[in-house]
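S.K.: Next come the chains, spelled out residue by residue.
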Amino acid sequence: MDLHRIQLKFYLNPPAHLSPEEAFRAFSAWIPVTPDQTLVDVADYSHLPDGPLTVLVGHQANYTLDHSDHRLGLVYARKQPLEGGLLQALVEALKACRRLEQEPELDGKVSFAGSEFLLVANDRLRAPNTEATHQALAPQLDAALARLYSGPAALSRDPNPKRRFNLLVRTEASFAVADLLHRFEQAA
Amino acid sequence: MNPPGTWKEKLAGSIPDELGREIDIFETQMHLRQQGKLDEKIFAESRLRRGVYGQRYDNGQRFDGSQTQQLRFPTGDLTKGPDTLWDAPGMVRIKIPFGGLNTAQMETLADLAEEYSDDILHVTTRQDFQLHFVHIEDTPDLMRRLAAVGITTREACGNSVRNVTACPLSGVCRTEAFDTTPYAHGLAMFLLGHPDTQDFGRKFKIAFSGCKQEACGLVSMHDMGGIAAVRVVDGVEQRGFKLYVGGGLGPVPYQAQLFAEFVPAAELLPTAQAISRVFARLGEKKNRNRARIKFLVASLGIEEFRRLVAEERAILPYDPRWTAYLGDLSGHDETPLKPAQSLNGAALPEGFAEWRRTNVYAQRQAGYAVVTVALPLGDITPSQMRGLADLTRRFIKDTVRTTVDQNVALRWVSEADLPDLYRGLAELGLAAAGAGTVIDITSCPGTDTCKLGIASSRGLAGELRQRLAENQLFRDEAIEKLHIKISGCFNSCGQHHVADIGFYGNSRKVGGLHVPHFQVVLGGQWTENAGSFGLAVGAVPSKRIPQVVTRLADSYLQDRQQGETFQGFIQRIGKKAVKELLEDFTQVPAFTEDPSLYRDWGDTRVFTMGDLGIGECAGEVVPMVHFELAGCEREAFEAQLHHEAGDYRLAYLSAVSAMAHAAKALVKSQFQDVPEDQGVIVSEFRQRFFDPELHFDRFSKSIFAHLIRAHEQPLAAPTRDQAHQHIEEAQLVIEAAYSLYDRISAAVGVPS
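Chains C and P are the protein sequences, given in the same order. In terms of the numbering used here, the first sequence opens at residue 10 and continues consecutively. In terms of the numbering used here, the second sequence opens at residue -8 and continues consecutively.
None of these hints come from the bench; they were simulated from the model. Do not take every clue at face value.
What the hints assert, rightly or not - Looking from chain P toward chain C, a few residues come up when the C-beta cut is under 7 Å (computed):
id, residue
1, 60
2, 78
3, 109
4, 367
5, 420
6, 665
7, 667
Claimed, not checked - Taking CB as the label site, the calculated pair distances span:
id, chain 1, residue 1, chain 2, residue 2, range
8, P, 25, C, 172, 32 to 38 Å
9, P, 345, C, 26, 54 to 60 Å
10, P, 621, C, 58, 55 to 61 Å
To be verified - Listed below are the simulated DSSO-like cross-link pairs for lysine-lysine, each with C-alpha atoms no more than 27 Å apart in a straight line:
id, chain 1, residue 1, chain 2, residue 2
11, P, 194, P, 233
12, P, 32, P, 567
13, P, 692, P, 194
14, P, -1, C, 171
15, P, 276, P, 692
16, P, 194, C, 171
17, P, 233, P, 32
18, P, 472, C, 171
19, P, 472, P, 570
20, P, 1, C, 171
Note that beta-carbon positions come from the ideal geometry of N, C-alpha and C, so glycine has one too.
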């Protein structure tokens, strides 16, 4: 399935917290020092506590400190085609999480759970919220999850037709973001 | 799984043919521009007329806190309009005539915000929606999906008839003459794409009100506006409108003038058409800043304008659409879903009483209420919008209205349902109290996304909203009624002129660094359809505005007389006293002493383009020009005091003098011995700066033209409004002089 508008949300490990102001500072600092992407602006929506709190807008992708499902996390929202498809999108999302984890100003207080993420297909035309979409996406997804976890992962979907196609992916074992990235690097 | 196809294929049959064709043409133009086969200016006008705007960083540059960085977009130099790079995500404005939305439209808007923008829907001060950071390639499909639910972005921007607004209480208001909804809709549809509205020099905004005394549709600040009126002719009741023309905010606000005491409903559309023709034929085309109809009406005089419109009306070829819509006025009538029932002692949730006090309006139809959903900064998430659509279906059938306060109104709520509706809204995070109160602050996008923004109006509005909500002072009944409105620059998109307390963004240079400021504008009137405009009392650093608001509120509460409005209070104590009241906030310490003042709200970057090194070196030196311009500000302020005292001639003379002295300050940077004679000053300024446009930016010419005009066309007996306009113009000329001096300094490499 040719689908490039993919959103991946990784959640913060409780009790880790990242405030919208901290995200704003970090995202603003990324803009001039990320030559492989065109990052444009940072938008502040912290007045909507259950929404996209802070958005780093880019040409290829947006990065959002997000609380729209009442859980704080980082959303990597791909907007342009990406070589490597879903697998590479996962790598990009994890890299962004790791970058926040290593942000000097945040002093190591942020950590993301690698064992769970929300996948949203941000394209109601090509990927309606149906089982057929799930089937069409399955080969890519299975391959990506095998590379990521090399073990079983539970998938659940909210079938509400008004929602975009979504899958919550969970593993029983816990994984650190750094370890998952390391695994990708070794396999590459 | 079947091939996905395209939105065009999927929605075939759902989109009206004409609209579908137009979107196809736009898509073709987009591809031609992409291939370099269509001129960028032509494409720019085409996209603007379809609501597709540029945003702040679309010229490919962004200030990162220490220097301006180039944003390297993949398509390189390809543009979609002058200085607007192809890849730069932009804004799409979506017209919602009279603010009326149905649930299918609400859900589509939510889908589009998720798929094409940054997950936020923004309600504007003219009942539109805006989506930000939309990629140009996505706009044709976005338009198709809107068209499929009956919404168009056509003429949402550009030199065209913008969204036709109307009071959100139309049809349920306790004081209206009649429901203006079908007339607003009828006129909007008639003028949309009409050949007589395609050759305007500037935008044209229309509003409808059901009654005179409320804020309602804000008719007085519109290019054209109608207030519902009823008269009896030969025993028969006739509907019509008290019609106004030539109002507008912008840098220099104009109150609309009465065009006709009563225009019968059957004459509304042809009269608007005739007005459009006169505006298209005689309105300014070259100078954008003099091109609104307010300037045409002011220069012709209302009598001559009326005569020209009557002449045009007499020769208009008959159009059956003028009255066709009157045959189905009830088509817009809304009916309730539930029977009218009172609360009758139902258990009330926590917070309900306060919410009901501020957000619920009893309709004239007994047992029903209008619920205003207060949206912070006009923003709502897609999930909230979908939830609101569900609540709409559950409690009130199918329609809601956006408001000029950037909120959403649910009408025809049975009073018995209010607690359950409140609970539902609370689950969505939409049950905040305070709609229409002092904490319900209106703001334009400002520096967040607007290319013209100078200071962060949204950042300030968000901060104020939070602080005021936590401060008991702002719960006082007298304070709670006040309106605060904020614009990011002098262009007034936040409607600061008609607020009790208004602000517009500007900046001042201190020690070589820019400090974000807001000009404080006091005493505007929101009621009476935006009945009068406030006047500036001085600029204060942005970070001190919350203190300004608190002090003003405190002072009003302490010193007001019985029943005195805030506007009356400001008039009584006088601008001089107000200026003194705020004087200590205007002093700016050095960067090293308080760097927070040098950053704007919600932004971590230092505001200025300069760097700290230069600022420190220049910190002790205040250029002579700044002293001179400060003197001009004082003169402009004195003009306000004269205006307040009713001496309009002296007010006018002081304003003109302030403009001349601002020019003198600039001329002195080249010609030290310029004499005091205003004629010589203006002549020198013209020769050295104005004609060669030396260091002018795109606004300079039109702003300094106020100075030239004031000198060339002196007024012997200025009216109150003329004096007011000259004071506003003087303020603009002074601001422009500050900016011009900054550019001169930068060009010659000296600290300014």
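S.K.: Each hint should be assessed against the structure and marked as holding or not.
M.R.: Verification of the hints:
1. 60: With a minimum Cβ separation of about 5 Å from chain C (threshold 7 Å), the hint on residue 60 of chain P holds.
2. 78: This interface hint holds because 5 Å falls under the 7 Å limit.
3. 109: Interface hint status for residue 109 of chain P: holds (5 Å vs cutoff 7 Å).
4. 367: OK, holds: residue 367 of chain P within 7 Å of chain C, min 4 Å.
5. 420: holds (5 Å)
6. 665: violated (44 Å)
7. 667: Given a least distance of 48 Å, the restraint on residue 667 of chain P is violated.
8. P/25 <-> C/172: 32 to 38 Å: Holds - the Cβ-Cβ distance for residue 25 of chain P and residue 172 of chain C, about 33 Å, lies within 32 to 38 Å.
9. P/345 <-> C/26: 54 to 60 Å: At roughly 30 Å between Cβ atoms, residue 26 of chain C and residue 345 of chain P fall outside 54 to 60 Å, so the hint is violated.
10. P/621 <-> C/58: 55 to 61 Å: violated (43 Å)
11. P/194 <-> P/233: holds (22 Å)
12. P/32 <-> P/567: violated (48 Å)
13. P/692 <-> P/194: holds (20 Å)
14. P/-1 <-> C/171: holds (20 Å)
15. P/276 <-> P/692: holds (15 Å)
16. P/194 <-> C/171: violated (37 Å)
17. P/233 <-> P/32: violated (39 Å)
18. P/472 <-> C/171: violated (40 Å)
19. P/472 <-> P/570: Between residue 472 of chain P and residue 570 of chain P the Cα gap is close to 23 Å, so the pair holds against 27 Å.
20. P/1 <-> C/171: It holds: about 17 Å lies between the C-alpha atoms, which stays within 27 Å.
When each numbered hint is compared with the structure, violations occur for hints 6, 7, 9, 10, 12, 16, 17 and 18.
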